[in-house]
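> Could you put together the complete structure from these sequences and hints?
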Amino acid sequence: MIGINIQSPFAELLINSDKCVETRTYPLPQKYEGEELALIETPGKLGKFKARIIGTITFSHSFKYNSIQEWEADYNRHKVDTDSDFGWEDSKSKYGWVVSQIYKFDEPFPAPENKGIVFTNNCEAVIPTGV
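Take the sequence shown: its letters are residues 1 to 131, numbered as in my numbering.
Treat the hints with caution; some may be incorrect.
[Claimed, not checked] Derived pair list, reagent style BS3-like, types lysine-lysine, alpha-carbon separation capped at 30 angstroms:
no.	residue 1	residue 2
1	50	79
2	104	48
3	31	79
No lab work stands behind these hints, which were simulated from the structure alone.
Okay, structure coming up:
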């Protein structure tokens, strides 16, 4: 299974359905539209845990934010503060990846050791039947 690294606290917001748009500086690659991905929660600067697979996530499509006004108006979906490290930057494009399905595991699985990449191959997670 292919996995996507998403930093805490955003991974938790996604898995609990409190956030329904993931933001990036590039559009969702077409080959991942509708593809179930392992959701790998990474600790970020403040986390005191090792990266772990907390569930699965599927994105339907992505769209581009054309202005800071659009970005700020969509806060309730993406939950990223404008002035945060992942917030709006005039010098970079910003895209929203729309979540179409989420599945939360009862217990997390260890994540692959690979670091610093967005999509990780070969996540060892057993997905329950019918998910």
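> Each of the hints needs a verdict: does it hold here or not?
We went through each hint and held it up to the structure:
1. 50 with 79: holds (23 angstroms)
2. 104 with 48: The given pair, whose Cα atoms are some 21 angstroms apart, holds under the 30 angstroms limit.
3. 31 with 79: holds (26 angstroms)
When each numbered hint is compared with the structure, no violation occurs for any of them.
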